[in-house]
Amino acid sequence: MTTQGPDWRLAIDIGGTFTDIVLLDAAQGVVKVEKTLTTPSNPLEGVRIGVRQLLAKTGVHPSDITAPIVHATTLITNALIEGKIGKAGIVTTSGFGDTLLIRDEHRYDMYDLQIEFPAPPVPRERIFEITERTTPAGIVRAEPQLIDLVAIANELRKQNVDAVGVCLINSYSNPANERAVGDYLRKELGVPVCISAEISPQLREYPRMITTACNAATMPIIGPYLDELQKWLAAEGFGGLVLMMLSNGGVVSADDAALAPIRLVESGPAAGALAGSWFARRLNESRLLCFDMGGTTAKSCLITDFEPKLTNSFEVARMYRFKKGSGFPVSVPSIDLVEIGAGGGSLARVDELGLLKVGPESAGADPGPACYGRGGQDPAVTDVDLALGLLNAEYFLGGEMELDLAANTQALAKIASKLGLPADETAAGIYELVNQNMAAASRMHAVEMGEDLRGVTMLAFGGAGPIHACGVAELLESPRIVFPVNASVLSAFGTLVTPVRIDLARSMVRPLSQIIDSERESLLNELREEGRRVLTAAGVPHGHIKFRYGIDARYIGQGNEITIWVGEGDSWPTTPSEIVSKFEESYIKIYGLIIPDVEVELVTWRLSAFADADQIEPEAIVRGGEGMPVQTRKVRFSRAGIAVDTPIYRRSDLGIGQKINGPLIVEERETTTVIRPAWKIEVASDGSLIAERKTS
1 MTTQGPDWRL AIDIGGTFTD IVLLDAAQGV VKVEKTLTTP SNPLEGVRIG VRQLLAKTGV
61 HPSDITAPIV HATTLITNAL IEGKIGKAGI VTTSGFGDTL LIRDEHRYDM YDLQIEFPAP
121 PVPRERIFEI TERTTPAGIV RAEPQLIDLV AIANELRKQN VDAVGVCLIN SYSNPANERA
181 VGDYLRKELG VPVCISAEIS PQLREYPRMI TTACNAATMP IIGPYLDELQ KWLAAEGFGG
241 LVLMMLSNGG VVSADDAALA PIRLVESGPA AGALAGSWFA RRLNESRLLC FDMGGTTAKS
301 CLITDFEPKL TNSFEVARMY RFKKGSGFPV SVPSIDLVEI GAGGGSLARV DELGLLKVGP
361 ESAGADPGPA CYGRGGQDPA VTDVDLALGL LNAEYFLGGE MELDLAANTQ ALAKIASKLG
421 LPADETAAGI YELVNQNMAA ASRMHAVEMG EDLRGVTMLA FGGAGPIHAC GVAELLESPR
481 IVFPVNASVL SAFGTLVTPV RIDLARSMVR PLSQIIDSER ESLLNELREE GRRVLTAAGV
541 PHGHIKFRYG IDARYIGQGN EITIWVGEGD SWPTTPSEIV SKFEESYIKI YGLIIPDVEV
601 ELVTWRLSAF ADADQIEPEA IVRGGEGMPV QTRKVRFSRA GIAVDTPIYR RSDLGIGQKI
661 NGPLIVEERE TTTVIRPAWK IEVASDGSLI AERKTS
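Yeah, the sequence shown ends on 696 if you go by our numbering, and it's all consecutive.
Since the hints were made in silico from the structure, they are not lab data. A hint or two may mislead.
Here are the computed lysine to any residue pairs in the SDA-like style, where the Cα-Cα straight-line distance is at most 20 Å [what the hints assert, rightly or not]:
(1) Lys231 to Ala258
(2) Lys582 to Ile595
(3) Lys546 to Leu524
(4) Lys634 to Pro647
(5) Lys634 to Gly429
(6) Lys158 to Pro123
(7) Lys418 to Leu356
(8) Lys589 to His445
(9) Lys57 to Gly29
(10) Lys634 to Asn661
(11) Lys309 to Lys582
(12) Lys546 to Asp570
(13) Lys589 to Arg554
(14) Lys323 to Asp112
(15) Lys414 to Leu355
(16) Lys659 to Arg480
Source: prediction; values computed, not measured.
All chains should be built: construct the whole structure from the sequences, respecting the hints.
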């Protein structure tokens, strides 16, 4: 009898505060993890430190890892939010140079006379117009002329741009002119060039142009990083490809990701949602609320029918976190989730009206919360958790990272003095406020989707998620929480259980009765070929590639569409009557009615190319016995309560089936699980802690 050798897989997730590394033996289910501070000025340095530390601890050599290395990151999101982007230029059709400034003419606050929008990623002086024209039907009326291309290339060269985006009117219907301009500039300038027909070939000029502009502005950020990463991995002796996590929950090759970095905008949060979907199946919970709280942000995603919902657009870099329309509406498929500036590094402050506020400003990894002792002066949520006794200063990162109690006390005193309250009262108020913010954002997002979160089981993960989960669950009326093994790095783990996938779309506006089969098949064949190319580049065998089809449809005369998915297969899987039936079924769910005697119009055609993910089963936990507390300490759980003696457990000591009534705290190297007085826990067979509200 032969024993199967190890099959090591490596995952990397760069967050705003911490970089998480997961090493998995897919053959035996062994999981090893590492967590290290992110290095914002040079993200690769944090990756190097984390990977080397984890390999040293486990005795695994880089050459032992031949499977693809999967990578999630917040680099693109943070670059757009902070404005730390490349110097990009845009080329557009004559007369459309002000599109990024005009936006869509929507005011997200009708009564604010001082309304603000984020500055476009490409300023007006780097937007150049060229004479050309393609009609909405795809007929080229005027081709770009060489004399104009030469002039624009010279202007872009004078501006010393790092990248160029090309977005011409109606190019979604015929990309010929756009490709001609892009090919010329790519050859003449020697910088990355992207065209809207490849990034977002969909109608509506502003979403298409802002998506192209954001993509061009971030190409100089992600390209050099991925190039340097792959060179380092090769030099170290790693044998696997690099696959990048996309916002839609799929992964593609690093080379494809470098061409379309805007598809990475929700890379890290999407990985967490995919891990939630994986757990939903294991727990047989068709509805599961993923609560992911890290060092910089908190994310909430509702799993329904064991899958996260997808949206076809995502708004990034909002001026105001709760005001839709105050950011960049990029047209990329994304996991439908809400993200809020409420992480462990989110800073507390007193505003001009004397009101206590938390976030969205974050201390990040540098300098980090005051208690990190790296120069932070203002109190962050982590400082509050430490002051309340929820965290152990002597066991942060398993005791490897020493916390500065004096800096922690001093930072909290600044806020307390402004409020005229004791420091412990202030800390408890900040703790409750951040929980309220996260619960409110989760509830509002669910309402927008037509969902009710009451009674839904929560999956809590991220470095700070298990600390705050019980408080948030009480506000959401969630009766049950699952704290999985390795909760702190679950997003990185999620990249290892996700399929290789790319979502593609192209607009072709036609009434349903006027769809010509040959025209439809020509469009879908192009999408299928692009899907095959991307998946093959990611290492998927040709015969393993599958296709799923969708349509954005509306009634003729309407201005907005709804997306319906119509089936899978190598060919178009449905009929006009089935399309109408599915459209009406979805329409009535959203609007409560259908419109008789009005024809359905198809606007955008969607194709998802994917391959099934490998089946991975983590090693079984066989630990028995009854773990005992290692100490007790005073912990304050609410502003209205007093600090109470609370037993502290090590997670590695807890036995399968062990039951403990709250309050209690469970510590492990990468995170801390806080069980409030109204809760009790049981250790599940896979090592997860299952918390439930006490009934009496």
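These are the hints, each one checked on the structure:
1. Between the alpha carbons of Lys231 and Ala258 the distance comes to roughly 15 Å, so the proposed pair stays at or under 20 Å and holds.
2. As the CA atoms of Lys582 and Ile595 are separated by approximately 14 Å, the hinted pair is consistent with the 20 Å bound.
3. A threshold of 20 Å between alpha carbons decides the hint, and for Lys546 with Leu524 the separation of about 14 Å falls inside it, so the pair holds.
4. For the given pair, Lys634 sits about 9 Å from Pro647 by alpha-carbon distance, which is consistent with the 20 Å threshold.
5. For the suggested pair Lys634 and Gly429, the alpha carbons sit about 17 Å apart, so the restraint of at most 20 Å is met.
6. At most 20 Å may separate the alpha-carbon atoms for a hinted pair to count; Lys158 and Pro123 meet this at roughly 15 Å.
7. Proposed proximity of Lys418 and Leu356 is supported: the alpha carbons are some 10 Å apart, at most 20 Å.
8. Straight-line distance between C-alpha atoms of Lys589 and His445 comes to about 17 Å, which keeps the hinted pair within the 20 Å bound.
9. Between Lys57 and Gly29 the alpha-carbon distance is near 17 Å, which keeps this suggested pair within the 20 Å criterion.
10. Pair hint Lys634 plus Asn661 holds up; C-alpha atoms about 17 Å apart against a cutoff of 20 Å.
11. Distance hint between Lys309 and Lys582 is fulfilled; the C-alpha atoms sit about 17 Å from each other, no more than 20 Å.
12. Distance hint between Lys546 and Asp570 is fulfilled; the C-alpha atoms sit about 7 Å from each other, no more than 20 Å.
13. Straight-line distance between C-alpha atoms of Lys589 and Arg554 comes to about 14 Å, which keeps the hinted pair within the 20 Å bound.
14. For the suggested pair Lys323 and Asp112, the alpha carbons sit about 12 Å apart, so the restraint of at most 20 Å is met.
15. A distance of roughly 14 Å separates the Cα atoms of Lys414 and Leu355; the hinted pair therefore holds under the 20 Å criterion.
16. The hinted pair formed by Lys659 and Arg480 meets the criterion: a straight-line CA distance of about 15 Å does not exceed 20 Å.
Of the numbered hints stated above, none is contradicted by the structure.
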